[in-house]
Amino acid sequence: MARDWPLWEVFIRSQHGLAHKHVGSLHAPDAEMAMNNARDVYTRRNEGVSIWVVPSSSIVASSPADKEAFFEPANTKVYRHPTFYPMPEEVKHI
Amino acid sequence: MTSAIKFAYLTRLGDTALILSQRLSELCGKGPALEEDMALANTALDLLGQARLWLSYAGEIEGAGRGEDDLAYLRGDREFHSVLLVEQPNGNYADTIMRQLYFDTWHCLALTHLAKSADPRIAEIAVKSNKEATYHLRRSSDLIVRLGDGTEESHALVQTAADALWPYTGELFVGDSVDAEMVSHGEGFDPASLKDEWLRYLAEAFGHATLRLPAADAWMHKGGKQGLHSEHLSYLLAEMQVLHRAHPGAAW
Chain A
568 MARDWPLWEV
578 FIRSQHGLAH
588 KHVGSLHAPD
598 AEMAMNNARD
608 VYTRRNEGVS
618 IWVVPSSSIV
628 ASSPADKEAF
638 FEPANTKVYR
648 HPTFYPMPEE
658 VKHI
Chain B
354 MTSAIKFAYL
364 TRLGDTALIL
374 SQRLSELCGK
384 GPALEEDMAL
394 ANTALDLLGQ
404 ARLWLSYAGE
414 IEGAGRGEDD
424 LAYLRGDREF
434 HSVLLVEQPN
444 GNYADTIMRQ
454 LYFDTWHCLA
464 LTHLAKSADP
474 RIAEIAVKSN
484 KEATYHLRRS
494 SDLIVRLGDG
504 TEESHALVQT
514 AADALWPYTG
524 ELFVGDSVDA
534 EMVSHGEGFD
544 PASLKDEWLR
554 YLAEAFGHAT
564 LRLPAADAWM
574 HKGGKQGLHS
584 EHLSYLLAEM
594 QVLHRAHPGA
604 AW
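Line order of the protein sequences matches chains A and B. To convert, take the position in the first sequence, counting from 1, and add 567; that gives our numbering. To convert, take the position in the second sequence, counting from 1, and add 353; that gives our numbering.
Hints were generated in silico from the structure; no laboratory data involved. Where a beta carbon is used, it is the ideal one built from N, C-alpha and C, also for glycine. Keep in mind that the hints are not guaranteed to be accurate.
[As the list claims (entries may be wrong)] Residues of chain A placed beyond 12 Å of chain B at every Cβ, according to the derived structure:
{"no.": "1", "residue": "H589"}
{"no.": "2", "residue": "S617"}
{"no.": "3", "residue": "P622"}
{"no.": "4", "residue": "K644"}
[What the hints assert, rightly or not] Listed next, the in silico BS3-like pairs over lysine-lysine satisfying Cα-Cα at most 30 Å (straight line):
{"no.": "5", "chain 1": "B", "residue 1": "K481", "chain 2": "A", "residue 2": "K588"}
{"no.": "6", "chain 1": "A", "residue 1": "K659", "chain 2": "A", "residue 2": "K588"}
{"no.": "7", "chain 1": "A", "residue 1": "K588", "chain 2": "B", "residue 2": "K484"}
Can you make the complete structure from the sequences, with help from the hints?
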């Protein structure tokens, strides 16, 4: 029954946001019910205007063991950040 | 048009929403899955919100100083004008969802008509409620197809529910002088005019669900809108009203 329903991850984009954010997970037998369940469980307080549901099994996550090799090198490369010239107001959201 | 006629019309809508909301609330914490539990609770809350709008307006029209709480908690079963369908017990999940499908299909049609009411307040409530009802119908239709075209067990339970609840659906399409009066002022709709569309929708849903639609001309119960209810309503009201009656005037 509900025990056999696969797990889905839910992402919601709010009215004022530009990106879907992860808000939680739920169980559902298929995509249509996952969508309805996400609407019922995660949009009760006007959280958003767009829902993505993804089977949890489709998500590939980085391994914590790789944290150092994956992310530390980027910490000390300030020349990669475009902070050395002022951005005009008009192009802030390019 | 007398205020009594309009009061009756509005309480039919408000009481129906209120009683169904109460029935669904009984399942809070008892749903077959966590997500289903939330969905039922959401539906119950949507219906409660609609009941509040209808009953508040009814109280204003009556002009006797009764507000939504007085109407919800201090009337006896003979004074409730909800349809018989919504007071039927929750039973198993097939009973619950079949009752919901029969109701939601009618509700969406009714609200679509009421959105064109000459009474702007009625139209406004109808437009808002229809957004919620549209989602309720989507959910109950989807579930009936899944359960009907499901396992042998779920199919059998859903067919049994469809047959058992059928005699309570006729009342939705029988008009009386109250409806006629509202129609003559352009504020209401003729209940019978919804029947064909209702049957057409259910025939399609039942088709997908591999269910047999009961006979359209079967014998039907009636009387809910006139205050004559099945034995279930007084037990439901006893539970719903006990707190308010034990502590009159209490507030959070």
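Okay, the hints, checked on the actual structure:
For H589/A, the non-interface assignment is confirmed: its Cβ lies about 17 Å from the closest Cβ of chain B, beyond the 12 Å cut-off. Distance check on S617/A: its Cβ is at least 16 Å (rounded) from any Cβ of chain B, clearing the 12 Å threshold; non-interface status holds. Consistency note on P622/A: stated as away from chain B, and its beta-carbon is indeed over 12 Å from all of that chain's, at 15 Å minimum. Residue placement check: K644/A keeps its beta carbon more than 12 Å from all beta carbons of chain B (closest about 45 Å).
Distance hint between K481/B and K588/A is fulfilled; the C-alpha atoms sit about 28 Å from each other, no more than 30 Å. Between K659/A and K588/A the alpha-carbon distance is near 21 Å, which keeps this suggested pair within the 30 Å criterion. Simply put, K588/A and K484/B have alpha-carbon atoms about 26 Å apart, close enough for the 30 Å limit, and the pair holds.
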